[in-house]
Each structure stands twice: as C-alpha cells, then as structure tokens.
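Just so you know, the protein sequences line up as chains W and Y, in that order. As numbered in the working numbering, residues 1 to 290 make up the first sequence, in order. As numbered in the working numbering, residues 1 to 341 make up the second sequence, in order.
Derived from the structure by calculation, the hints contain no laboratory data. All figures in this text were calculated on a predicted structure; none of them were measured in a lab. Think of the CB as a built atom: it goes at the ideal place given N, C-alpha and C, for glycine as much as any other residue. Please note that a few of the clues may not be correct.
Stated by the list, open to error - Lysine-lysine pairs mimicking DSSO-like chemistry, simulated, CA-CA at most 30 Å apart:
| hint | chain 1 | residue 1 | chain 2 | residue 2 |
| --- | --- | --- | --- | --- |
| 1 | W | K281 | W | K148 |
| 2 | W | K246 | Y | K167 |
| 3 | W | K148 | W | K246 |
| 4 | W | K281 | Y | K128 |
| 5 | Y | K157 | W | K246 |
| 6 | W | K148 | W | K219 |
| 7 | W | K219 | Y | K128 |
| 8 | Y | K157 | W | K221 |
| 9 | Y | K157 | Y | K97 |
Unchecked claim - Listing some non-contacts, in silico: residues in chain W with all C-beta distances to chain Y over 12 Å:
| hint | residue |
| --- | --- |
| 10 | V34 |
| 11 | G38 |
| 12 | L74 |
| 13 | L77 |
| 14 | R83 |
| 15 | A97 |
| 16 | H158 |
| 17 | R201 |
| 18 | L270 |
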Amino acid sequence: MTSELLKATFRVSTPLVFAAMGGMFSERSGVINVALEGMMLIGAFAGAASTFATHSPWIGMLAAAVAGLIFAMLYGLCVIRLRANQIVTGMAINMLAFGLTPFMCKVLYDATGSSPQIPATDRFQIAPVYVAWLLVLACFLWLKYTRKGLWLSFAGEHPEALASAGIRVNRVRWGAVLLSGAFAGAGGATLSIFLSSSFSRNLTAGRGFIALAALIFGKWKPIPTAAACLLFGFAEAAQIRLQGVKLWNDVVIPTQFIQVLPYLLTICVLAGFIGRSRAPKALGTSFEPT
Amino acid sequence: MRKFLQPGLALLLGLSLGLTITWAAGENPWRVLLLLGKGAFGSKYDVGMTLFYSTPLIFTGLSVAIAFHAGLFNIGAEGQLTIGALTAAAAGIVWSKCPGPFGAILGVLACIVGGGLWGFIPGWLRAKRNSHEVINTIMLNFIAAGVASYITLYVLKNPDSQNPETKSVGAGYLLHIFETFDSAPVSVALLLAVVAAIAFYILIWRTPFGFELRAVGQNESAARMAGIDTARIRILAMTIAGGFAGMVGAAEVLGNAGRFKLNFSPEYGFMGIAVALLGRNSALGILAAALLFGALHKGTAELDLETEHVTRDLSMVLQAVILLCVSAEGLWSWMQRRSLR
Chain W
1 MTSELLKATF
11 RVSTPLVFAA
21 MGGMFSERSG
31 VINVALEGMM
41 LIGAFAGAAS
51 TFATHSPWIG
61 MLAAAVAGLI
71 FAMLYGLCVI
81 RLRANQIVTG
91 MAINMLAFGL
101 TPFMCKVLYD
111 ATGSSPQIPA
121 TDRFQIAPVY
131 VAWLLVLACF
141 LWLKYTRKGL
151 WLSFAGEHPE
161 ALASAGIRVN
171 RVRWGAVLLS
181 GAFAGAGGAT
191 LSIFLSSSFS
201 RNLTAGRGFI
211 ALAALIFGKW
221 KPIPTAAACL
231 LFGFAEAAQI
241 RLQGVKLWND
251 VVIPTQFIQV
261 LPYLLTICVL
271 AGFIGRSRAP
281 KALGTSFEPT
Chain Y
1 MRKFLQPGLA
11 LLLGLSLGLT
21 ITWAAGENPW
31 RVLLLLGKGA
41 FGSKYDVGMT
51 LFYSTPLIFT
61 GLSVAIAFHA
71 GLFNIGAEGQ
81 LTIGALTAAA
91 AGIVWSKCPG
101 PFGAILGVLA
111 CIVGGGLWGF
121 IPGWLRAKRN
131 SHEVINTIML
141 NFIAAGVASY
151 ITLYVLKNPD
161 SQNPETKSVG
171 AGYLLHIFET
181 FDSAPVSVAL
191 LLAVVAAIAF
201 YILIWRTPFG
211 FELRAVGQNE
221 SAARMAGIDT
231 ARIRILAMTI
241 AGGFAGMVGA
251 AEVLGNAGRF
261 KLNFSPEYGF
271 MGIAVALLGR
281 NSALGILAAA
291 LLFGALHKGT
301 AELDLETEHV
311 TRDLSMVLQA
321 VILLCVSAEG
331 LWSWMQRRSL
341 R
C-alpha cells in the first residue's frame, strides 16, 4: 500500500514538476505566468493528437513542447512586446486554450471535446517521471552555476542593474517565457499520454494553477518547488485512494478536504503564517528599455 | 473618442480573428456570424436567454471592475459567486418556510454575504499580510469548488436526484420570472443587476468612499500620505467585489434553478474579467459588454447543431481573442506610430 502510494505520488506529480519548472523560469525573470494552465492544456492536446498520428510518445511530447512554445510566443508578444497586463493576458491565454482544444477535437476527429483513445503500447510507461526529475536537477545547476542563470534572477529582481550591465532584459525574459511554455506544454502531454489514455475537455483541470501554487510554496527555488510538487501530488494520489473509504459505520472521509489542502497551504505560506515566501521584486512589471 | 474607439476596434479585430478560425475549420464565416446573430436575437426566447446569460456577467463584471478601481485584481469572482449561490441555497433550504418577498430578500442578502466573505479573505490578506490577491483569489476559487462539492454532495444533497445538486429552496425564495420571453428564465435578477450597476456608478464616482477607493487604486503611497486608510479601503473593495459576484446566485439559484447545482457556472467569473476590461470598468460599459458576451454565449450555443465543425466552444475562443486585443495596450501606440509614418 505504501510503496503503491509512493509510486502514484511520483506519477501524478510529474505534470506538476514540468509546469512548475517552466513557471519558475518565467517568474524568476519577472513575468507572472498564470497562463501555465492554458499552455499545459494545449500541450496535452498536441501530445495526444501527434502520438495518435505517429504512434510515438516522444514525438508527442516534442509536439506538445512546441505547442506550448507557440502559446508562449503569443503570451510573450502581448506582455513583453506590447506591454499588456500579464494577469489579464494570462487568463485570456487560458480561455483560448480552453475553447480552442475541444474545437480542434471537433475539426480533427469529429468528436465532442476528446481525442480518440491511444493504445497502451504507444503511451509512456514510466519515462516522463525520470525526465521530470532530470529537468529539476538541470534547472538547479543551471540557475546556480551559470552566468545566464544569474541574468535570469537579475531580470526578475533588479532589471535596471542588468540593463546597465549591457544585457537586454527583455531578451532574457523572452527566453524565459518561451522555455516556460515548452516545459508546461510537455507537462501537459504527460497528462494525456502518460497518466491517461486520451485528451479530454479541460484535462488539466487546474493543474497549471497547482503548479503555480507549488512554485510559490517552494519559494521560487527549483528543489523546494519540486518537493512542493511531490507534496501536492501526494495529496492528489491520497485523495484518489481515499475515495469511498469508510472510517467507521457510514462515515466517509470527505476527499474534498484533501483536495483543497494544497490551496490552503499556499495561502498560508504566502501570508507568512508558515514561513514566508517572497516573490521576485520586479515580478509583474514590464520593462521598457531606454 | 479613444474611449470608444479602442474597445470597438478590439472587438472588431477579435471577432474577425475568431471568425477566421471558423473559416480555417471549413465554415463560411459570414454564415457563422449570421447564425450567431440569429441564435442570440432570433426570437423572444433567444433574446430572453441572451439576457439570462448577461445577468451574471453584469455582476461579475462589476465585481472585477470595483477591484480594478482600487488597484486590485479580482480573479476570484468564480469562487465568490459559487459561495454566494451556495449560501443562498443553504438559507433557502434551512428556513424553507420563509414567506413571500422576505424569502427572496433573505436569499439575495445571503448571496451578498457569502460572496462578500469570500472576497473579504483575499482583501484582508492583501491589506494585513501583504500577500498578493491574484494568487489568493485563484487558490480561493479552488477551495470554493471543494467546499461547494462537499456541501452539495454530503450536507444538502437532493435525495431524489442523481445529479450533483442540493434540495430545492422554499417557494418564498424564488424571484419573479417575466413571461415576456417565452419561458426563458429572465427574472427580477436582471433588474437587480441594473440596480447594482447604478449603485456601482454612484459608489465609485459620487461618494467620498469612491474617491478614496480610486485614489488608492491610482497611487497607493500618495493616498496613504493624504491620510487615507488604504488597508480599510482595500478590504472593503474586495468585500464589495465579492458581494457583487455573489449576486450571481440570485440569478441562478433564486431566479432559475431553485437550487444549487454543482458547476452551474460556465466560468462566469473569468468572463467577468473580459466584461470589465471591454467595458473599461464603467457601469454603462459593463452593461454593454455583458450584453455582448451574453449574446455571444447564447449565439454560439446554436452552432453545435447548425454547423458541422464549429461548436459552442467558439464563444470562449472569441472572448479570449477579444480580451487579448483589448489588453494589449502597446498594440494601439504601435498602430498609431504606423499610421503616422
């Protein structure tokens, strides 16, 4: 039972790890990313559609990353180039993915909102879990030991300082936003071709926001963020297992309480009730080069 | 002039981009547009349904807008309307004997209190703990969904139905439904929405509180220097925002279903962001934008049957594209520079 639960925890936290790592790049560079949800959703669709067409989950995952990247381009165009409000644009991107994916299912498969089933042999067995944790390690090392990792933090904490060092802030932010889209897209694909067997309407069901919560819970740092993803993944895995389990007589454990736990924890951390999570200083502000 | 031009242009641009997508899907965009118009305004019933969908959007639009005026971002209208509707249903079930107009008044008050509470929390957290309301409201949306699911399935469950819904509220709670619209559920809630919009206008532009609220929204530190209690203003602004959103419960629970149905809202809360932005946070603008998006929502519902490739999901796509066009402020200065050249 315990090892089963542990395995399930790692499996269901995989999409969260991908998306949260993506979100970390964007947010550390100073761009809020509430569009993770939409980027995951379009990735989930692209992953399912291309795996269905090519029978290769790896191609599916790549296509998902590209789809996320395209949405990130649209997002970057609006918030970096056209200096639109990051939160409004992010929500608009989410709505776009929410409406566009069932629409494309209709056009491609003449089905209402879902893709055809993908046979088990074409789906991932366990690989994305390893990829996710390798990604965490890579992000950690990259942020800590490379010059570009330092640029990223400066773009989010003190963009003027970075600009006066002769680095183009908005170029750093573009890179970060594009990476975040690719990661979130790939994370979405793990939902449709790893954790389930097809794409269905609103498959992500708020996981982009959970990833965002994990990012805040993990104080915008790679290792703690990944740990937060595990914690939230554990909440999800435990919730599925406790469904209908009876405590005594007829009293059922209300899984809703476990379900809302990640969100409650995030609010507490952000408010400083349990430790304190501080956002990058320039988060949410657009930078205008002089 | 620019006040009207910009949203108008954004609307045109968004609509044409959205219709291009239908063209790419193999439909005649002109026909889609005509179907949209016919679906939204073709008959008395259609007009009624358009108004029915517009009502919640007025409430959520006002909710987002008042927070905007105070320099706050209310992404939480979805959670606030859920809790508001749930509170109204709970009141209507617990005191189901409450007669005539008193029940309805109690129900509407319950909506406001429930939604207001759900708005107070992020307002308080922002003012007293300085934690960002965007994240908190997003989190509270999910918590509201969990709470609603628990209460609906375990506490107030309708034993006679397989659907996830509560028992029905007492007859005294139901709002009067106008019969002009061939059985479309256009209730007193629509009038309440218009009254709410007028109240919003007076509150923002004609009261000292509204002045302080706008001052905090435009320059918080200047407002604090001027002796305004910014914490109090922010808490109140979010609480009122929650109250507005909660009144969606009046349209749905008291004016239509007579009970709380889980997931009744097709993301009214998020559409409210688009309504507020397109309406430029003004009362009249919000009324117009809510009518427009209500019409889009009703019009696209017809597309499922009438066309081969286009579904009602087009409504979300169109709203998203319009929202993108309205919010990209740089787009307009970029276009101006183009035209000067």
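Item to check | Numbers of unmet hints, in rising order | outcome: 3, 8, 10, 11, 12, 13, 14, 15, 17 and 18
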